[in-house]
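Chemist: Residue numbers (the working numbering), protein chains in the order written: chain H, 104 to 327; chain R, 50 to 477.
The hints are simulated quantities; they were obtained by calculation from the structure and are not laboratory data.
Take the hints with a grain of salt, since some may be wrong.
[Unchecked claim] Restraint ranges, calculated between C-beta atoms of paired labels, are given here:
id, chain 1, residue 1, chain 2, residue 2, range
1, R, Trp409, H, Asp161, 48 to 56 Å
2, R, Thr368, H, Lys231, 30 to 38 Å
3, H, Glu229, R, Thr368, 36 to 44 Å
4, H, Ser227, R, Asn362, 15 to 23 Å
5, H, Lys159, R, Ser292, 35 to 43 Å
6, H, Gly224, R, Trp409, 19 to 27 Å
7, H, Pro250, R, Leu289, 48 to 56 Å
8, R, Pro307, H, Lys125, 25 to 33 Å
9, R, Leu407, H, Gly224, 20 to 28 Å
10, H, Lys303, R, Ser292, 31 to 39 Å
11, H, Tyr146, R, Leu407, 58 to 66 Å
12, H, Asp161, R, His311, 28 to 36 Å
13, H, Glu164, R, Leu407, 16 to 24 Å
Keep in mind the model is a prediction, meaning the values are calculated, not measured.
Ideal Cβ placement from N, Cα and C applies to all residues, glycine included.
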Amino acid sequence: MRLLIVEDTPQLLVQLDMFFQKNGFSVDLADDGERALFLLKEYEYDAAIIDLGLPKLDGLEVIKAARKLDIKVPVLILTARDSWQQKVDGLDAGGDDYLTKPFHEEELLARVKALIRRSSGHASSELKAGPITLDLSLQQVYVSERPLELTAYEYKVLEYLMLHPKKVISKSELTEHIYDQDFDLDSNVIEVFVGRLRKKLDPDNSIKPIETLRGRGYRLFSPA
Amino acid sequence: MRSVLSLCLVVIFVLPALVWSISTAHFSSLERAKMTELELMSYVLIADFDLRESVITMPVAVLDERFNITQSGYHGYIKLNDTLIWQSVSVTDTIEPAKLPRTGAGESRFSTIEHDGETWYLYSFTAEFLNYNRYEAIHFHIANHARDMRAEHAVFTRTLWQSTLVISLVITIVLILSLLSVLLPVRTLIAQLKRTRQGQQSQLSGEFPLELNAMKSTINRVLQEEQQQRERYQNALQDLAHSLKTPLTVIKGDPALPSSLHPQVDQIDQIIQRQLSRARFSQKSGHQRIALSPVIEKVCESMHKIHADKALNIMYDETQSVKYAIDQADWYEILGNILDNACKAAQKRVKVTLKEDLQWVVLSVEDDGQGIPLAQQKQILKRGYRLDQYTEGSGIGLATVNDLVDLYGGKIRFSENLPFSLSIYLPK
Chain H
104 MRLLIVEDTP QLLVQLDMFF QKNGFSVDLA DDGERALFLL KEYEYDAAII DLGLPKLDGL
164 EVIKAARKLD IKVPVLILTA RDSWQQKVDG LDAGGDDYLT KPFHEEELLA RVKALIRRSS
224 GHASSELKAG PITLDLSLQQ VYVSERPLEL TAYEYKVLEY LMLHPKKVIS KSELTEHIYD
284 QDFDLDSNVI EVFVGRLRKK LDPDNSIKPI ETLRGRGYRL FSPA
Chain R
50 MRSVLSLCLV VIFVLPALVW SISTAHFSSL ERAKMTELEL MSYVLIADFD LRESVITMPV
110 AVLDERFNIT QSGYHGYIKL NDTLIWQSVS VTDTIEPAKL PRTGAGESRF STIEHDGETW
170 YLYSFTAEFL NYNRYEAIHF HIANHARDMR AEHAVFTRTL WQSTLVISLV ITIVLILSLL
230 SVLLPVRTLI AQLKRTRQGQ QSQLSGEFPL ELNAMKSTIN RVLQEEQQQR ERYQNALQDL
290 AHSLKTPLTV IKGDPALPSS LHPQVDQIDQ IIQRQLSRAR FSQKSGHQRI ALSPVIEKVC
350 ESMHKIHADK ALNIMYDETQ SVKYAIDQAD WYEILGNILD NACKAAQKRV KVTLKEDLQW
410 VVLSVEDDGQ GIPLAQQKQI LKRGYRLDQY TEGSGIGLAT VNDLVDLYGG KIRFSENLPF
470 SLSIYLPK
């Protein structure tokens with residue numbers, strides 16, 4: 104999943120970057136409001152963590168501007184402004200969740216994941232597609248109750264597909280959400296991941312969970 | 050009070066003294082006039098008197114009618130040595146000659162005597178007449194009873210008293226009116242100050258007389274400065290909070306931090322939150338009345354977002370449009386904390402009601418959760434509930450609500466049975 108973290112305190116930014124990368128996210132960083140808004144316009148993120156007290160453009164203004172441009176990314180506001188009036192104002196401006204500093208990192212992680220899950224319409228942290236179960240909080244995959252080991256990127260691909268089941272997902276969309284902006288985008292690498300995923304999920308080719316639609320993309324396919 | 054006292058002094062002492070001195074002056078002038086009158090009358094007698102070759106001639110009726118009319122009140126006497134040689138027709142009861150004073154030649158005297166139980170004014174003059182080659186001293190006396198003069202004086206004095214009383218009444222009324230014209234603006238100023246204290250306005254308004262206007266401007270400046278100082282203080286504390294929180298976050302997130310220190314770091318966090326949020330509280334006075342419902346709706350909306358995973362049914366039925374003089378930030382704080390707690394505890398349902406009666410504005414929040422154990426309820430309601438240990442959940446939030454509600458002179462009540470509800474009562 105691709106995450107944008109906006110925070111003007113350098114140490115905290117680095118801390119959050121490392122933490123979320125450790126937890127399987129591709130992370131883009133911004134330390135002022137203008138850059139944050141630019142990145143939000145340029146790329147599609149699965150979630151954004153935004154601090155309010157930012158230089159150049161205040162966090163609240165960034166959120167309002169993004170919503171005006173119909174950018175629907177779920178936003179978690181992370182800030183020291185902790186009065187309830189400020190919380191409500193933040194959520195009213197377009198935030199989807201609010202966490203005050205200082206915070207427990209685990210709580211932050213759980214809430215970001217919950218945001219992503221909810222925004223793709225899933226009520227619980229367990230995703231199911233046929234015999235495949237993906238536990239978002241444990242980051243564990245099961246096929247017919249048996250746990251399955253995947254590499255980081257294989258997991259990322261499967262996670263994204265399972266969050267958008269029955270939807271056609273283009274290679275470029277998948278690429279954008281798997282990698283952060285530093286990576287060289289080569290769509291063939293995706294093909295490799297999908298191939299390996301298929302092999303692991305469906306070794307005897309009976310379930311056929313991932314469908315390739317020529318020229319369009321991939322679709323997670325739950326057998327009828 | 051002082052003005053009333055000085056007014057009384059004037060009325061009781063000064064005015065009678067004034068009347069007395071005018072009256073006395075009048076009497077003296079009356080007496081002087083009387084003397085002149087009697088002196089002029091003596092000239093009549095002197096003119097009519099004739100002494101020639103030891104023969105005295107004096108007409109019975111003289112030029113001044115007052116001597117001729119019986120009981121006119123005027124007596125005329127002429128004496129040669131000690132012998133009364135003539136008296137006017139008007140005399141009915143003769144004054145004893147011994148009473149008439151002796152004067153030297155050319156000498157005049159104005160005196161009073163008692164006669165017939167009354168006071169009489171007496172003008173005596175001695176004129177010399179040539180008889181042969183010798184001057185004879187002839188004594189002329191004009192007497193007039195004081196009755197008429199005294200009556201005239203009495204009338205004057207009475208009139209003087211009457212008009213003085215009227216004037217002093219007018220003066221009193223004018224003084225009282227001018228006192229009121231000073232006191233009423235002062236009263237208005239005091240009423241304005243009361244309204245400011247009660248939060249119905251933030252500055253004194255209205256036009257006042259010059260002296261009070263200066264005072265009003267000064268008070269307004271003081272109020273403004275106090276408000277600014279309060280804001281500066283609050284801003285300083287908020288900045289402190291912010292600047293403390295960020296390094297604290299970095300500390301908390303540092304993987305190298307030994308886990309034994311986590312509770313301490315959390316405690317610092319709690320203390321910052323609690324103490325600095327209390328410093329953020331505004332004063333009770335000086336608030337405008339705000340509509341309470343819109344904030345409730347906004348907070349409920351936020352609750353939906355914050356607790357989205359639980360898919361709660363948060364109900365708020367606005368039955369009355371209630372207004373209350375409370376700082377908006379404080380109202381947000383109360384609602385946010387109570388509703389957040391209710392949503393955390395609830396399984397499916399949270400219900401919010403807002404009511405008002407003659408005495409109270411009542412906010413009730415009901416949830417279908419377990420409720421708060423009695424021991425913790427007592428802890429929360431204790432004033433100055435301190436966090437000696439890190440407590441999660443309803444601890445700090447409701448303690449903040451308790452502080453706030455207490456600031457406004459209100460109270461918190463918990464329901465006795467399930468379903469659990471928390472009510473806050475704000476006094477009107």
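Chemist: Now tell me if each hint is right for this structure.
Modeler: Hints, verified against the model:
1. Distance hint check: the CB atoms of Trp409 (chain R) and Asp161 (chain H) are about 40 Å apart, inconsistent with the given range 48 to 56 Å.
2. Against the hinted window of 30 to 38 Å, the Cβ-Cβ separation of Thr368 (chain R) and Lys231 (chain H) comes to about 44 Å, which falls outside the hint.
3. For the pair Glu229 (chain H) and Thr368 (chain R), the supplied restraint of 36 to 44 Å holds, since their beta-carbon distance comes to about 42 Å.
4. At about 18 Å, the CB distance of Ser227 (chain H) to Asn362 (chain R) agrees with the hint of 15 to 23 Å.
5. The hinted range of 35 to 43 Å is not satisfied by Lys159 (chain H) and Ser292 (chain R), whose Cβ atoms lie roughly 20 Å apart.
6. Judged by the Cβ atoms, the range 19 to 27 Å given for Gly224 (chain H) and Trp409 (chain R) is violated: they are separated by roughly 44 Å.
7. Checked against the hint of 48 to 56 Å, the C-beta distance between Pro250 (chain H) and Leu289 (chain R) comes to roughly 50 Å, which is consistent with it.
8. The hinted range of 25 to 33 Å is not satisfied by Pro307 (chain R) and Lys125 (chain H), whose Cβ atoms lie roughly 20 Å apart.
9. Restraint check, Leu407 (chain R) to Gly224 (chain H): a C-beta distance of roughly 50 Å breaks the suggested window 20 to 28 Å.
10. Range check, Lys303 (chain H) to Ser292 (chain R): about 50 Å between beta-carbon atoms, so the 31 to 39 Å window is missed.
11. Evaluation of the 58 to 66 Å hint for Tyr146 (chain H) and Leu407 (chain R) yields a pass: the beta carbon distance comes to about 60 Å.
12. The hinted window of 28 to 36 Å between Asp161 (chain H) and His311 (chain R) holds, with their beta carbons roughly 32 Å apart.
13. The beta-carbon spacing between Glu164 (chain H) and Leu407 (chain R), approximately 45 Å, falls outside the hinted interval of 16 to 24 Å.
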